[in-house]
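*Asks:* Now for the letters of each chain:
4 protein chains.
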Amino acid sequence: MSQTQDHLHPNETQRIEAFSDGVFAIAITLLIIEIGVPHVDAGESLADALWDLWPSYGAYVLSFIMIGIYWANHHSFFRLFVRTDHYFLILNVVFLMAIAFLPFPTAVLGEYLDNSAQRDTAVTLYAFGLLLPAFGWLSVWIYGNVRGLVDERLEPDYLRFLTVQYLLSNILYAGALLLSFLDAWVALVIVVGLTLLYLLPPRRPRYIG
Amino acid sequence: MSQTQDHLHPNETQRIEAFSDGVFAIAITLLIIEIGVPHVDAGESLADALWDLWPSYGAYVLSFIMIGIYWANHHSFFRLFVRTDHYFLILNVVFLMAIAFLPFPTAVLGEYLDNSAQRDTAVTLYAFGLLLPAFGWLSVWIYGNVRGLVDERLEPDYLRFLTVQYLLSNILYAGALLLSFLDAWVALVIVVGLTLLYLLPPRRPRYIG
Amino acid sequence: MSQTQDHLHPNETQRIEAFSDGVFAIAITLLIIEIGVPHVDAGESLADALWDLWPSYGAYVLSFIMIGIYWANHHSFFRLFVRTDHYFLILNVVFLMAIAFLPFPTAVLGEYLDNSAQRDTAVTLYAFGLLLPAFGWLSVWIYGNVRGLVDERLEPDYLRFLTVQYLLSNILYAGALLLSFLDAWVALVIVVGLTLLYLLPPRRPRYIG
Amino acid sequence: MSQTQDHLHPNETQRIEAFSDGVFAIAITLLIIEIGVPHVDAGESLADALWDLWPSYGAYVLSFIMIGIYWANHHSFFRLFVRTDHYFLILNVVFLMAIAFLPFPTAVLGEYLDNSAQRDTAVTLYAFGLLLPAFGWLSVWIYGNVRGLVDERLEPDYLRFLTVQYLLSNILYAGALLLSFLDAWVALVIVVGLTLLYLLPPRRPRYIG
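Just so you know, the sequences run in chain order S, V, Z and H.
Using my numbering, the letters of the first sequence correspond one by one to residues 1 to 209.
Using my numbering, the letters of the second sequence correspond one by one to residues 1 to 209.
Using my numbering, the letters of the third sequence correspond one by one to residues 1 to 209.
Using my numbering, the letters of the fourth sequence correspond one by one to residues 1 to 209.
What the hints contain is simulated information worked out from the structure, not anything from laboratory work.
None of these values were measured; they are calculated from a predicted model.
From the three backbone atoms N, C-alpha and C, an ideal C-beta is built for every residue, glycine too.
Please note: incorrect hints may appear among the correct ones.
What the hints assert, rightly or not - If you want the ones that stay clear, here's a sample from chain S, every Cβ over 10 Å from chain H, calculated:
1) SER76
2) LEU149
3) VAL186
4) VAL192
Stated by the list, open to error - According to the in silico footprint, chain H covers these stretches of chain S (three or more CB under 8 Å from chain H):
5) 15-25
6) 28-42
7) 81-93
8) 106-112
Model the full structure from these sequences, guided by the hints.
*Replies:* Right under this line is the structure:
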């Protein structure tokens with residue numbers, strides 16, 4: 001191991017974090033770009049047109065909070081990793097690809113949530129859009145644990161607790177995805193509920209001894 | 001308290017500031033994207049079409065300065081906080097959500113300011129768009145004070161002065177919002193006036209003893 | 001002076017630089033967004049449509065290099081300032097506003113450069129778009145010098161040399177702007193020539209003694 | 001040499017890296033903006049419209065990974081340079097210009113890959129879009145080596161290995177570009193294959209003695 005760390009710079013994880021923070025900050029701020037200015041003709045009301053965009057505002061708030069939570073999560077748990085390797089870095093890029101994809105399902109949800117014919121599809125895509133980063137993060141987490149990149153002073157119980165929590169997220173988003181074929185609103189309630197749950201403070205790291 | 005700070009990294013607030021600075025920088029730079037290139041047909045004048053975009057240029061300048069002021073403000077006053085907790089972090093994300101939303105009311109104002117039928121609505125939305133971050137920042141500030149996250153060496157008078165100032169901002173933006181239903185131009189003058197006022201140097205922190 | 005610096009953090013200019021670098025990086029990367037994917041109908045050639053975008057590619061390259069030069073310049077000369085004050089910070093925001101505006105004239109130039117009826121207007125706007133940051137930087141520079149924010153160990157001759165250079169840039173861009181009313185191509189040649197000139201290495205700081 | 005380094009700040013390469021990282025992070029996150037929300041009329045299926053965007057999703061994934069690899073590469077190999085000069089900085093800006101351009105060929109590929117009449121052109125442009133940063137990085141690399149900006153403790157064999165590798169990339173992308181005139185799919189397979197190859201871990205720096 002000392003071999004592989006020979007030329008490993010001490011600020012290695014810091015630069016990955018900085019790049020990741022950049023992607024989070026940009027993805028979160030790009031969300032607003034997807035809400036287009038409504039075009040109203042003479043005789044129409046801009047106020048009405050702005051009210052009609054409520055699904056877009058809702059999708060904006062939901063996705064902003066989700067990306068914000070992922071940022072805070074990445075920020076808190078990435079520092080449990082004290083080593084890094086090539087495929088870990090690539091898995092992190094794949095995770096970021098899922099985060100950066102979120103503006104698209106958000107825009108589709110905003111556009112079609114109040115369209116009864118297309119609502120189910122829009123919610124399915126949105127649930128899928130949330131499953132992707134959940135799965136991406138789970139992959140980063142499991143890879144990092146299997147390869148022994150985490151701080152070995154952490155309690156095994158604590159690590160297991162996090163693994164279970166990340167697995168559960170994946171199952172719940174996959175469940176919401178499946179449910180969206182039956183009832184879009186129920187699926188959306190699960191997704192929003194999970195988001196609210198994630199707003200609770202995360203469990204602090206517990207160290208051995 | 002020493003308990004909660006056990007695993008609190010020294011650069012905790014610095015990373016929140018870095019993420020916030022990222023959102024500020026992106027939101028401020030995205031403003032220009034909302035000004036579309038005018039399409040002129042043969043026989044029409046591009047120069048005229050460019051002049052007709054004056055409300056968009058005005059809205060760009062106003063919002064750029066507003067986000068710039070919020071950045072400088074966040075930058076100056078965020079360092080009065082010497083501790084951080086989970087909900088403080090979340091409130092900061094909500095504040096950033098309001099900052100990142102600003103390009104939308106800016107684009108609507110640019111599009112409809114010279115449309116007499118829709119002007120009032122556009123100004124109402126813009127005043128609302130400025131009230132949101134003012135309220136977001138007030139929430140961050142009050143929460144941080146109530147939870148004792150601020151540097152305890154700061155003079156209570158100084159802290160009270162800032163609280164009153166932030167409250168006043170909220171009242172004035174809410175006032176501009178209400179006025180916009182009566183007279184859009186008066187509301188806009190208040191908003192621009194407040195912006196100019198904010199360009200004055202902020203009061204420097206005063207420490208006890 | 002020791003008074004005003006009491007609570008001045010040592011990394012003050014570094015954070016302004018970080019924010020400025022963010023705006024530079026975003027503005028430079030947003031340039032590509034302004035080049036829309038051409039829509040071709042059946043029977044039309046995508047290759048032809050892509051060739052027809054040559055003014056957009058040219059404008060992209062020119063503005064990318066310009067913003068890159070401004071970044072390198074800001075990066076080199078901002079560190080000659082060893083102090084900062086409130087209005088200096090605001091002038092820097094105004095300068096960044098001019099940088100962030102550049103994608104708009106770039107897009108207009110790309111759209112209308114090969115339209116003989118509108119070319120002059122597009123070039124006028126572009127020259128104006130380049131005059132703005134030149135003037136913004138000149139303002140930052142002169143304010144910083146007048147207020148004594150520059151490192152006093154720098155040779156007065158060196159400072160004067162830079163002032164003259166920045167003044168000259170402004171005069172040349174203003175000249176290009178005026179010329180664009182007579183002949184768009186000549187104005188564009190001046191603008192491109194200036195850009196090439198700026199690619200030469202800047203004169204290194206000279207210190208007293 | 002000591003002369004030129006007189007006023008060279010120790011964090012010189014770090015700030016260039018930070019700016020470059022910013023451009024990478026923005027370019028990678030902007031990719032999603034190019035995928036527009038499909039507009040479906042009553043009676044049409046949103047699900048079908050979303051499936052029809054598969055070339056856009058594919059192009060998104062491919063370009064995201066490519067920019068991610070370039071980021072990791074820049075990140076790993078830029079630190080082999082221990083000195084910097086003016087033209088090195090400019091070449092790095094030119095390289096970033098090629099990276100920031102990538103969203104455009106990506107969008108064109110996404111739009112026209114399943115259009116048999118335009119596919120060849122779209123793939124040619126995409127191969128060209130990948131050749132550009134490969135050539136840009138080769139230029140940065142060769143310039144840095146010729147000018148002696150690399151760490152002299154590195155083994156000449158190792159440096160030669162990297163030069164050959166970068167040259168090969170250029171030849172392969174140029175080959176894919178030429179092949180795209182004959183068969184777009186074969187060219188695309190080469191491009192995708194190269195991307196997968198780049199996912200392998202890079203050879204670690206070898207130092208003398």
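*Asks:* Decide, hint by hint, whether the structure agrees.
*Replies:* Verification of the supplied hints:
1. Residue-level check passed: SER76/S sits 20 Å from the nearest beta carbon of chain H, beyond 10 Å.
2. With a cut of 10 Å on Cβ distances, LEU149/S stays outside the contact zone with chain H, its closest approach being about 15 Å.
3. Residue-level check passed: VAL186/S sits 19 Å from the nearest beta carbon of chain H, beyond 10 Å.
4. Under the 10 Å C-beta cut-off, the non-interface status given to VAL192/S relative to chain H holds; the minimum distance is some 21 Å.
5. Counting residues of the region 15-25 of chain S whose beta carbon lies closer than 8 Å to any beta carbon of chain H gives 5, which meets the minimum of three for the stated coverage.
6. Here's how the region 28-42 of chain S fares: 3 of its residues keep a CB closer than 8 Å to some CB of chain H, so the rule of at least three is met and the hint holds.
7. Only residues whose C-beta sits within less than 8 Å of a C-beta in chain H count toward coverage, and the region 81-93 of chain S has 6 of them, enough to reach three; the restraint holds.
8. Restraint check on the region 106-112 of chain S versus chain H: 4 residues with Cβ-Cβ distances below 8 Å, three needed, restraint holds.
Figure legend: structure checked against the earlier numbered hints; every hint is met.
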